[in-house]
Amino acid sequence: NAGVIQTPRHKVTGKGQEATLWCEPISGHSAVFWYRQTIVQGLEFLTYFRNQAPIDDSGMPKERFSAQMPNQSHSTLKIQSTQPQDSAVYLCASSPPDRGDTLYFGEGSRLIVV
Amino acid sequence: GDSVTQTEGLVTLTEGLPVMLNCTYQTIYSNPFLFWYVQHLNESPRLLLKSFTDNKRTEHQGFHATLHKSSSSFHLQKSSAQLSDSALYYCALRGGTGGYKVVFGSGTRLLVSP
Chain C
1 NAGVIQTPRH KVTGKGQEAT LWCEPISGHS AVFWYRQTIV QGLEFLTYFR
51 NQAPIDDSGM PKERFSAQMP NQSHSTLKIQ STQPQDSAVY LCASSPPDRG
101 DTLYFGEGSR LIVV
Chain P
1 GDSVTQTEGL VTLTEGLPVM LNCTYQTIYS NPFLFWYVQH LNESPRLLLK
51 SFTDNKRTEH QGFHATLHKS SSSFHLQKSS AQLSDSALYY CALRGGTGGY
101 KVVFGSGTRL LVSP
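Read top to bottom, the protein sequences are chains C and P.
Take 1 as the starting number for the first sequence in our numbering and just add one per residue.
Take 1 as the starting number for the second sequence in our numbering and just add one per residue.
Next up, chain P with everything else stripped away, as it sits in the complex:
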């Protein structure tokens, strides 16, 4: 079945440094949707950005990601981390026909310090 892998459980950064959170996926569908959700403390996950188009950069709130079907990757990046970026980040996959189930990775906790 579909699966999403986030290799880092915890990423710690100093404010101002660049952010990169890794996401790779597996699916039999040729046209999956990939999502990044962010969950701040005591809140529910909410959408950060999403993409369907191969090799097209998607941006929102200073973050960006590019879906690369050749490497089955959808890494999340930001040029300069802010304290308010500290949160739990989930990569998610929604496959093709049929069920449209949404599968999440295990999440990456980002901690940004002054």
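Bound conformation, chain C alone:
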């Protein structure tokens, strides 16, 4: 059973450019989460989908960040006009629907904005 797949694994982008990160959740998992990980902030919640519907995006910087889940096998996180402070590892996780279920993380996408 393949785990959560994230692409690209590494991305270097210039300040002001756009970055799009992709996530393929584990088949059958109905919940998909996006987190941002930095040494200073740890694991910051960004957004959460259940059955492809956006449930909570309270962690998303509103102006430049957006996330979509167009189908059950694919979610994207888009960052417009990237800034150096966006540099981080972006982690996608999926889980079955029950509240007690484990989150399974992908290997992450390391974004560096220069």
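Hints listed in this document are in silico derivations from the structure and should not be mistaken for laboratory results.
Some hints could be false.
Said to hold, decoys possible - Not the full set, but computed from the structure, chain P residues with beta-carbon under 7 angstroms of chain C:
{"id": "1", "residue": "Y29"}
{"id": "2", "residue": "S44"}
{"id": "3", "residue": "P45"}
{"id": "4", "residue": "F63"}
{"id": "5", "residue": "K101"}
{"id": "6", "residue": "V103"}
{"id": "7", "residue": "F104"}
{"id": "8", "residue": "S106"}
{"id": "9", "residue": "L111"}
{"id": "10", "residue": "P114"}
As the list claims (entries may be wrong) - Per label pair, the in silico range of CB-to-CB distance:
{"id": "11", "chain 1": "P", "residue 1": "L41", "chain 2": "C", "residue 2": "T76", "range": "37 to 45 angstroms"}
{"id": "12", "chain 1": "P", "residue 1": "D54", "chain 2": "C", "residue 2": "T7", "range": "36 to 44 angstroms"}
{"id": "13", "chain 1": "C", "residue 1": "N51", "chain 2": "P", "residue 2": "G1", "range": "21 to 29 angstroms"}
{"id": "14", "chain 1": "P", "residue 1": "P114", "chain 2": "C", "residue 2": "T76", "range": "42 to 50 angstroms"}
{"id": "15", "chain 1": "C", "residue 1": "E18", "chain 2": "P", "residue 2": "I28", "range": "34 to 42 angstroms"}
{"id": "16", "chain 1": "C", "residue 1": "V12", "chain 2": "P", "residue 2": "L41", "range": "36 to 44 angstroms"}
{"id": "17", "chain 1": "C", "residue 1": "N51", "chain 2": "P", "residue 2": "P114", "range": "44 to 52 angstroms"}
A virtual CB, placed ideally from N, CA and C, is assigned to each residue, including glycine.
Guided by the hints, dock chain P onto chain C, whose structure is given.
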């Protein structure tokens, strides 16, 4: 909203000594799920253990934790630290009805030396 507090950013121990990592949480939900995730170097976070039941000890891979709703705590313990326990440990909370968002603490880095 829900929150998790891990007071120690770094814990350094000598091999063989006991481990205790602190975790307290805040939530309006009466029946939260609490989790400990472990992240080794160059890996993604993975589940270490989880609990839903008040005052019941949960064990996995030599670690244990007990959810105490009276003090809103879920501390992680191990009787004897091993070199391989060196990692980043995150406490996480999944609340009740509705969104089931998973919120992580800021993480505690455990360094075990010979």
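Taking the hints in turn, this is what the structure says about them:
A least Cβ separation of about 10 angstroms between Y29(P) and chain C goes past the 7 angstroms threshold, and the interface hint is therefore violated. Hint status for S44(P): holds, given a least beta-carbon distance of 4 angstroms to chain C, under 7 angstroms. Of the supplied interface hints, the one on P45(P) holds, with its beta-carbon coming within about 5 angstroms of a beta-carbon of chain C, less than 7 angstroms. Here the hint on F63(P) is broken, as its CB sits about 15 angstroms from the closest CB of chain C, past 7 angstroms.
Below 7 angstroms, beta-carbon pairs count as interface contacts, and K101(P) has one with chain C at about 5 angstroms; its hint therefore holds. Checking V103(P) against chain C: minimum C-beta separation of about 6 angstroms stays under 7 angstroms; hint holds. Nearest Cβ of chain C to the Cβ of F104(P): about 4 angstroms, under the 7 angstroms cut. The hint holds. At about 4 angstroms, the closest approach between the beta carbon of S106(P) and any beta carbon in chain C falls short of 7 angstroms, and the interface hint on this residue holds.
About 15 angstroms separates the beta-carbon of L111(P) from the nearest beta-carbon of chain C, more than 7 angstroms, and the hint is not met. Given hint, P114(P) at the interface with chain C, is violated; its Cβ is 25 angstroms from that chain's nearest Cβ, farther than 7 angstroms. Distance hint check: the CB atoms of L41(P) and T76(C) are about 28 angstroms apart, inconsistent with the given range 37 to 45 angstroms. Range check, D54(P) to T7(C): Cβ separation about 42 angstroms, and the 36 to 44 angstroms hint holds.
Checked against the given bound of 21 to 29 angstroms, the beta carbons of N51(C) and G1(P), roughly 22 angstroms apart, stay inside it. About 45 angstroms separates the C-beta atoms of P114(P) and T76(C), a value consistent with the hinted range of 42 to 50 angstroms. The hint said 34 to 42 angstroms for the Cβ distance between E18(C) and I28(P), and at roughly 38 angstroms that hint holds. A beta carbon spacing of about 22 angstroms between V12(C) and L41(P) contradicts the range 36 to 44 angstroms that was offered as a hint.
Evaluation of the 44 to 52 angstroms hint for N51(C) and P114(P) yields a pass: the beta carbon distance comes to about 49 angstroms.
Comparing the model with each numbered hint stated earlier shows that hints 1, 4, 9, 10, 11 and 16 do not hold.
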